[in-house]
Amino acid sequence: MFDILFIVLFVLAILISGVFFGEYMAKVFRGDKTFLSPLLRPLEKFIYKVSGINEDSEMDWKIYTLSFLSITIFSFISLFLLQEIQHFLPLNPERLGPVRWDIALNTTVSFVTNTNWQAYGGENTMSYLTQMLGLCVQNFISAGVGIAVLIAFIRGFTRNETHTIGNFWVDLTRSILYILLPFSIILAFIFISEGIVQTFKGYEVIKTLEGLTQTIPLGPTASQIAIKFLGTNGGGFFNANSAHPFENPTPFTNFLENYAMLLIPVALPFTFGILLNKRRQGYAIFCVMMILFLGGLALAIYSEFQGNPMLSKLGIHSGLNMEGKEVRFGIIPSILFAVTTTCTSCGGVNSMHDSLTPLSGLILLFNMCVGEVIFGGVGVGLIGLLVNAVLAMFIVGLMIGRSPEFLAKKLEPFEMLMAVISILSTPMSVLVFSCIAIMTSAGLASLNNLGPHGLSEILYAFASPTGNNGSAFGGLNASTLFYTLTTSLAMLIGRFTTIIPALAIAGALAKKKFVPPSSATFTTDVPLFVWLLVAVVILVGGLTYFPVLTLGPILEHLFMKMGMSF
Amino acid sequence: MGEIKRGFIIFILFSVLTGLMYPVIITGLAQVFWKDKANGSLIVSNKKVIGSKLIGQKFTSPQYFHARPSAIDYKGNISGASNLGPTSSKLIENAQKEINSVRSENALGKDSKIPADLVLSSASGLDPHISLDSALLQAPRIAKIRGITLDKMNKLIYKNLEEPLFKFLGQKRVNVLTLNLELEKE
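First to last, the protein sequences are chains A and B.
The first sequence runs 171 to 736 under the numbering used here.
The second sequence runs 111 to 296 under the numbering used here.
So that you can see chain B by itself, here it is in the shape it has in the complex (with noise of 0.2 Å):
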């Protein structure tokens, strides 16, 4: 029986240390340290919190840059994938519709290669990011659209490219929701 009250003992004291004490600990001195990031990144613009830097956005009209396909339309309120498998034909019919509408919005032959993660849904329904290619994709819409020069807008994207830490960490992305920003500023 002593083992039991000692379990009880034990539990109550692992939960005050590491389930109260703990993350209230850690969230005090985030709040302090760095409030903006422990906040969720926010971008404020007008007053208006108009989303945050690290969750993507759905755009659907053409003079700004299109996000990746997102299983739960960049809702946010749960965050998710397609979960289809690479033999499904509903990944496949999914991918076709997608590859129509990027090459017609952008007006690319039927036989060009579109990036994979311009067409193919993320991870969490939420990537704030677009390759580099996809990004260039779509400069010359754009561009036309606002009626600035491709070179122009290139230059936009390259200012705003991620590039992976020490070379290695991570891939060459552009952040879809600052980019647009910026093109606003324009």
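So here's chain A without its partners, still in its complex pose (with noise of 0.2 Å):
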């Protein structure tokens, strides 16, 4: 009863909060003023001086992208850095060695584009410099990022007949001043008040009640875990992540997180409405988001508590499936945010996934191999989405026979070829990969479950990083070098095809004359496209993955009823 009110609260409280924080960010990127503008104009305009960046300058979509890969670089480059340069760097109180090559390599694709895959353990790897200076600065920018190359995306449709999206620079420090900096700031004194460590001292080395040696990790974990769920991020400060007490010590921060992953992704197709000037649009794409959303949610949940017959055949109560769940979050907090956390493509977790139901597996992995769309990570998720409509529209036009458009403007080839292009690379990236490390021992050697299981743990291996998402059936080793190296390839491949092809296809609408309306024009803010877009995303996903999904989580679940294990 009390459970599904809390479904019931938390749905309305980023439902509200959606609806005002995606008018805010309208403010905010159309240069309005904003409660934040007097404390913060001042700060934006010492950034743009001091960079000799000119606020009304525009760029077309390729300066545009060269402005993404500039910064990109320069993260790259000094994130990797700090992990190899860590032992002779301050602010390293455990005297943690430099990170191995192809692990330091690993992160360094991850947070910077935005994945925050943990090949790594947290609080045996990385120095607390490491943590401030590079992964919390990546999950600032990263991101930024995001946002930034969304608001260009939305422009191509705003625009007409001009070759320029926009400013980058002004697009990505508004995110970080206006939108990403202060809530984190909220967040983070929240969180220290509830429990989340946030120091410089070194670990502490204790003997128990009974005598035993323990080790308690500290840091300054505050402070990334709020940025770590705002920007969706989610890299955890420590190896179990939001599992571990220091990063989410109470349901309270339980709520909070999971209520920090969803807040940007989910006012951001209100603010799209808004700068299209089309509230309804914003609206329909919202719905379409939050059908997939709980339908998910509600197969998963019913999977939980339908537990493991095979618990309940030793005796275990109700057979209800605890295994890799915290007590104080309970069964269905943990569900909800495993089920956000792959549909916003965050990637922290509360609960092992590896440890799920079957059921509840499939769901979290078919939130990542239809693209990361339903919500999605801050801006690319409602990129994916509207790529998706594009794909959408484009069969509307072969339907009713007419050359198709979408926000009155016109879909040609160009523009398609960069829908497929960034719609097909997840499939590609996800089954390729997925094939090589079946038929390869190095790809078999990391498993931890055999049988369907195991299938499942390598298609999540690749659906994660491909998605930029980061959470893990964290039982196969990701640590080996073939892991290694081939998720940093599938997270490159995720986060480019999402942003060039994205840019590109802004750039080519803007060029565009606006269409107008005519009495034969398929309207896209009805529940008739509500339905289209929805059906779209199932297909694309369904029809590409159906056959892996039977073979892993399917055959996994009716394994499990006749109780068969391996």
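If you are wondering where the hints come from, they were derived from the structure by calculation, not from laboratory data.
Only true hints are included.
Example chain B residues on the side facing chain A (calculated, C-beta under 7 Å, incomplete): (1) Asn187; (2) Asp227; (3) Leu230; (4) Leu236.
Some chain B residues flagged as far from chain A (calculated, every beta-carbon gap over 10 Å): (5) Ser211; (6) Ser214; (7) Glu215; (8) Ala217; (9) Ala253; (10) Ile255; (11) Arg256; (12) Thr259; (13) Asp261; (14) Lys262; (15) Tyr268; (16) Asn270; (17) Leu271; (18) Lys295; (19) Glu296.
All C-beta atoms, glycine included, are put in the ideal place defined by N, C-alpha and C.
Starting from the two chains in their separate frames, assemble the complex, guided by the hints.
Structure representation (structure tokens):
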């Protein structure tokens, strides 16, 4: 009963804040005054002045892409170097040595692409300085980049016969200064007041009540956890991520972390509607995401409450699957977190996904495999869904026999080519890499589970990096050379085949003239469009992955029901 | 080339702002206003740190409440879970072993139902809590060894019970370390 109340209140909370926050973000990107402007505007101007940015100058899509690549490359060099020389630098009380090169490379790619896949263990690998100046900075920049690119993408639809789509530096600066930073600060303080640690002291090594030795890891955690969720990053300060009591000590922090993951992705469709001057269009996009989100959530909760009949037979009460879950959260908040984190491409976890029941695992895989478009990562999630909408409108165009258009822009071969690259790159990467892993001994050696669950582990290990998600079926040993290199590639493919085609589409659309609406125009802010887009997402995902999902989670579900173990 | 130079400067500026100023200022304020919590909610007894209120510990002796199984044995230097899937033979074996030992330690029948959290390992390996049912199940054993009435033992458990916030946030749970510390005081 109270569990249902939990879900209802949660959905209401994100809906209400989404509307307001969407409005706020629209103001920020139109350059209007907001309640934070008196405080932040001088800082913003200072940044432009020092770096020689003219706020009013605009870029075409190629320069915009180049700017994005430029900050990405500096991020890359800096983060890699920090990990390799951390033993010479301050704020390393545990005297952790340099990170193994392939793990450092993997982590660098992971954080620069907003994936935050963890091939490393936080508390025994990264110094405090690497966490702050390396990982924390990328938490901000990679998230800011995602929002900036979305705003440029939206401009493609709002502009008429121009070749520019905005200024990357201005969009990035505003994302970080007005959206990510202030709300991270508020969140960090709430987290600290609840017990998340925030200190530069070294680890405590203690004798427990029974006289055993225990290490209590510490660090500047709260500041990083705040942006980890707000920017849908998800990389943990500690190995167990947000299951670790110091990353997520109470049900209240759990609620906030879950909420923070969705705050920006839920609000962005509303921002989209406002910037487009078609609010109903924003609502329609929001509905598509919400339908897919709630559908998956319902199935996952149902599956988890069915429990595991094999555990039930041993004498466990209700066969309840508490393996890999924390008592302070319990079943429903753990599942809500798991579904949210895979939908939003956050990747922070409060339970171990590897140990969930097979059909819950299926939902998580599906959320990532469709390309992280159900809310998705900050910015890039909405881009993904809009690219799916472009595909949907192309199909509609074929069906009604008119040249396809979307939001008063004609869709032509170049845009369709880019859309198809963007949509097909996900299954290409996930399936081809999974295939290679299954066929090589290096790929199979990392498995922690056998039988169909092993296949799910491998599939997850490529679905998550390709979707720039970062959560894992953690049993699979991802720190071998084979997996660090292949997942690095998957992350790069996932990131660049979202952002670059999106910018190309934006550039192409901005050049086009608005098509005046006629009686034959297919309206895109009505329920028919909502269901059409839901169907396109499910069909593209479903048809592509159906065979492998059958052999993985679905088969495992049947084996579990039959009481077979491996 | 201009954009590359700008990329460099912006990167440095944001590194300083979000990588140094942001965490350092927050740490400074945290150390002033929430000193205890920001440093790990440590429990000090006889001038010695004996643990953190938020981090679970391993208990094996029968006069203490036992915590959940842990894939890392509560060592704490690296956190983590078993990551065993629902059809893993190892999961079933581990669960069977835990169930057997819970039943024999607490003198329970071989068909008794055991709360899931007490025999399945946690996500962090450091779960500080057990469910109310798991605590009540162990109460008779501990009451007998410590020579106190079951009634008093149950009262102690309920005194340490953490209720869901606003009735819907979280589960009814008991912090094993603080409960055991209180036992020591009795």
